[in-house]
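**Q** Chains A and B, in that order, give the protein sequences. With this note's numbering, letter number 141 in the first sequence gets 141, and the count goes up by one each step, no holes. With this note's numbering, letter number 51 in the second sequence gets 51, and the count goes up by one each step, no holes.
Since the hints were made in silico from the structure, they are not lab data. Check each hint, because a few of them may be wrong.
Partner residues are not named here, just some residues of chain B that face chain A (Cβ under 7 Å, in silico) [as the list claims (entries may be wrong)]:
id : residue
1  : Leu41
2  : Gln44
3  : Arg45
4  : Asn48
5  : Leu52
6  : Glu54
7  : Leu55
8  : Phe58
9  : Leu60
10 : Ala63
11 : Asp64
12 : Pro66
13 : Ile67
Now the in silico label distances, taken between C-beta atoms and shown as ranges [to be verified]:
id : chain 1 : residue 1 : chain 2 : residue 2 : range
14 : A       : Arg330    : B       : Pro36     : 23 to 33 Å
15 : A       : Gly89     : B       : Glu59     : 45 to 55 Å
16 : B       : Glu59     : A       : Glu409    : 34 to 44 Å
17 : B       : Arg45     : A       : Pro472    : 43 to 53 Å
18 : B       : Gln61     : A       : Glu290    : 38 to 48 Å
19 : A       : Lys408    : B       : Arg45     : 21 to 31 Å
20 : A       : Pro305    : B       : Asn35     : 36 to 46 Å
21 : A       : Glu351    : B       : Glu65     : 24 to 34 Å
By construction, the Cβ of each residue, glycine as well, lies at the ideal position given by its N, Cα and C atoms.
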Amino acid sequence: MANGDIFFQSIGELNRMLVSGQISCEELTKAYLERLEAQGPKYNALAALTRKSALDLADAVDDDLKRKRLRGPLQGIPYGAKDLLAYPGYPTTWGAKPYATQKFDIKATALENLEGRGAVLVGKLAMVELAGGGGYEYASASLFGPGRNPWNPEHWSGGSSSGSGSAVAAGLVPFALGSETWGSILTPSAYCGITGLRPTYGYVSRYGAMALSWTMDKIGPMCRSAEDCGHVLQVIAGGDDKDRGSAGKSFYYGPEYVGELAKLKIGFNAVDFEEWAEPAMRPAYATALEVLKRIGPKFQVATLPEMPYASVAGTVIDAEAASIFEPMIRSGRVDELADPFQIAGLRTALELKSCDYLRAMRIRGRMQDELTRIFRDLDILITPTRTRTASRIDAPLQKPPSEREKPKERGLTDLGALGNLLGWPALSIPCGFADGLPVGLQLVTRPFNENRLLAVGAAFQRETDWHLRKPPGVA
Amino acid sequence: MTDRLHTSKISRRKWVSIAGASTLAIPMAAQQPANPSRDYLAEQRESNSRALAELERFELQTADEPIFRLVVR
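Go ahead and model the full structure; you've got the sequences and the hints to work with.
**A** Here you go:
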């Protein structure tokens with residue numbers, strides 16, 4: 001019944017097989033449970049298998065399918081969830097030793113929504129401890145060890161949604177939920193060669209999710225294609241009174257309503273692709289840009305003004321994380337974390353003054369004005385998702401300040417910090433390889449315009465097959 | 001300890017702690033050994049100081065208000 005190919009099918013294809021009776025939800029769920037249990041540890045991707053609840057859900061889905069009670073493309077589809085999303089009956093560890101045995105009796109809204117459409121949670125997926133809020137130095141900053149990249153397990157899968165990235169790339173789940181405060185969906189998506197969507201801030205309820213930064217946290221899909229991201233976002237997005245940051249809006253996946261892609265205007269800067277990106281990545285980006293130009297959008301040069309993006313983002317996250325984790329820090333349990341640099345980061349974050357935080361929040365408002373101004377003439381901005389491929393497991397993730405390259409020209413390299421500060425949506429799509437490791441392309445657009453990103457992403461994926469590639473050595 | 005979730009309108013969450021949770025798939029990984037020659041606190045404070053200095057250099061007007069509730073537009 002289950003062969004290797006089934007683990008790399010799209011959501012749509014799996015759902016067709018289920019609806020037509022070619023496979024039952026129970027069979028599909030068991031196949032994924034076995035695969036996740038057997039192979040998840042190879043990548044340190046698995047936090048906990050949710051076997052019992054998954055099989056109970058699969059039974060209910062099969063009953064619905066038999067009675068032709070159809071609930072959409074996610075019905076019967078197994079998936080994984082980053083282990084900061086609460087689900088009753090299983091630990092929700094936040095990837096951190098102080099919370100290793102923590103359990104909640106509530107279900108995160110995003111997971112509730114997926115269950116309502118018949119999706120089946122098969123596992124909680126590993127993550128960087130506390131989503132890396134204190135600033136971590138090594139890939140081993142996790143209760144579960146360093147996330148290993150299916151394309152080369154001696155390299156990092158990226159973080160903080162490390163398990164979500166590697167599980168999707170290795171075909172251990174058809175899709176996963178990750179979260180992003182600053183880079184944590186897009187980075188593992190780029191490093192693992194999958195498609196990740198960071199939705200507009202407030203689109204997806206954070207009820208039941210660990211908070212790292214109230215004004216910057218977002219939950220989003222990590223999938224094998226832009227189309228699959230669209231299907232998942234439609235289910236998980238929506239207003240929720242239980243989340244004070246909820247935008248109160250639903251999302252309907254409809255890329256066909258974006259209109260002609262040839263009428264879109266894409267802003268880019270050559271310096272990002274030709275100088276900031278590692279040399280080995282540049283051919284992949286050159287080809288990707290040619291493909292995008294063939295699809296039709298018009299290109300024009302864009303640059304971000306000189307502003308302290310990283311310092312603002314860092315100060316906001318530090319201040320909010322310090323408040324959120326204050327009891328853990330003051331109790332001393334912070335010393336149980338895996339990464340000494342992160343421990344120090346959380347401790348010193350408590351030293352930030354309110355005027356520092358407020359200053360950052362005031363500059364944030366000016367940044368919002370600037371990006372809105374840039375987008376008066378543009379529809380999408382594109383950059384490399386990351387300017388380096390996945391680092392080795394044992395390498396420090398950031399070079400010491402004295403060795404960091406200074407920018408030769410600004411380009412759009414700060415779009416990661418800026419996009420997250422302002423809560424604008426972004427998509428990372430695989431666009432090639434460099435020395436055997438995946439390369440990702442980032443697209444950013446205005447709030448609540450995810451269909452625009454997904455339309456361009458899907459068009460790119462019709463012209464290329466990077467998103468269909470399977471890591472070597474993965475059965 | 002307080003477990004801070006996005007539970008803003010719901011009273012403090014009860015949580016159940018079960019020692020040796022049997023559903024944990026992976027043994028706890030070893031802690032990254034601290035480098036005794038490094039002063040991590042000093043490094044983080046230095047990093048924070050640099051960031052705050054950069055914020056200080058950015059000229060603000062009285063009209064620049066902080067965004068408390070992120071208005072995504």
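**Q** Taking the hints in turn, state whether each one holds.
**A** Verification of the hints:
At a threshold of 7 Å, the smallest CB-CB gap from Leu41 of chain B to chain A is about 5 Å, leaving the interface hint in force. The criterion of a C-beta within 7 Å of any C-beta in chain A is met by Gln44 of chain B, whose closest approach is roughly 4 Å, and the hint holds. For Arg45 of chain B, the shortest C-beta to C-beta distance to chain A is roughly 5 Å, which falls under 7 Å, so the interface hint holds. A distance limit of 7 Å between C-beta atoms decides the matter here; for Asn48 of chain B the minimum to chain A is near 6 Å, and the interface restraint holds.
Given hint, Leu52 of chain B at the interface with chain A, holds; its Cβ is 6 Å from that chain's nearest Cβ, closer than 7 Å. For Glu54 of chain B, the interface hint holds, the least distance from its beta-carbon to any beta-carbon of chain A being 4 Å, beneath 7 Å. Contact between Leu55 of chain B and chain A, as hinted, is supported at the beta carbon level, the nearest pair being about 5 Å apart and thus within 7 Å. The beta carbon of Phe58 of chain B is positioned within 7 Å of a beta carbon in chain A (closest approach about 5 Å), and the interface hint is therefore held.
At about 5 Å, the closest approach between the beta carbon of Leu60 of chain B and any beta carbon in chain A falls short of 7 Å, and the interface hint on this residue holds. This hint is violated: Ala63 of chain B has a C-beta 10 Å from the nearest C-beta of chain A, more than the 7 Å allowed. Contact between Asp64 of chain B and chain A, as hinted, is supported at the beta carbon level, the nearest pair being about 4 Å apart and thus within 7 Å. Interface hint status for Pro66 of chain B: upheld, as the beta-carbon distance to the closest one in chain A is roughly 3 Å, under 7 Å.
The beta carbon of Ile67 of chain B is positioned within 7 Å of a beta carbon in chain A (closest approach about 5 Å), and the interface hint is therefore held. Look at Arg330 of chain A against Pro36 of chain B: about 25 Å separates their beta carbons, and that is inside 23 to 33 Å. Evaluation of the 45 to 55 Å hint for Gly89 of chain A and Glu59 of chain B yields a pass: the beta carbon distance comes to about 54 Å. Against the hinted window of 34 to 44 Å, the Cβ-Cβ separation of Glu59 of chain B and Glu409 of chain A comes to about 23 Å, which falls outside the hint.
At about 44 Å, the CB distance of Arg45 of chain B to Pro472 of chain A agrees with the hint of 43 to 53 Å. Judged by the Cβ atoms, the range 38 to 48 Å given for Gln61 of chain B and Glu290 of chain A holds: they are separated by roughly 44 Å. At roughly 30 Å, the beta carbons of Lys408 of chain A and Arg45 of chain B sit within the given window of 21 to 31 Å. Separated by about 38 Å at the C-beta atoms, Pro305 of chain A and Asn35 of chain B satisfy the suggested range of 36 to 46 Å.
Roughly 25 Å separates the CB atoms of Glu351 of chain A and Glu65 of chain B, a value that falls within the hinted 24 to 34 Å.
In terms of the numbered hints stated before, the structure departs from hints 10 and 16, listed from lowest to highest.
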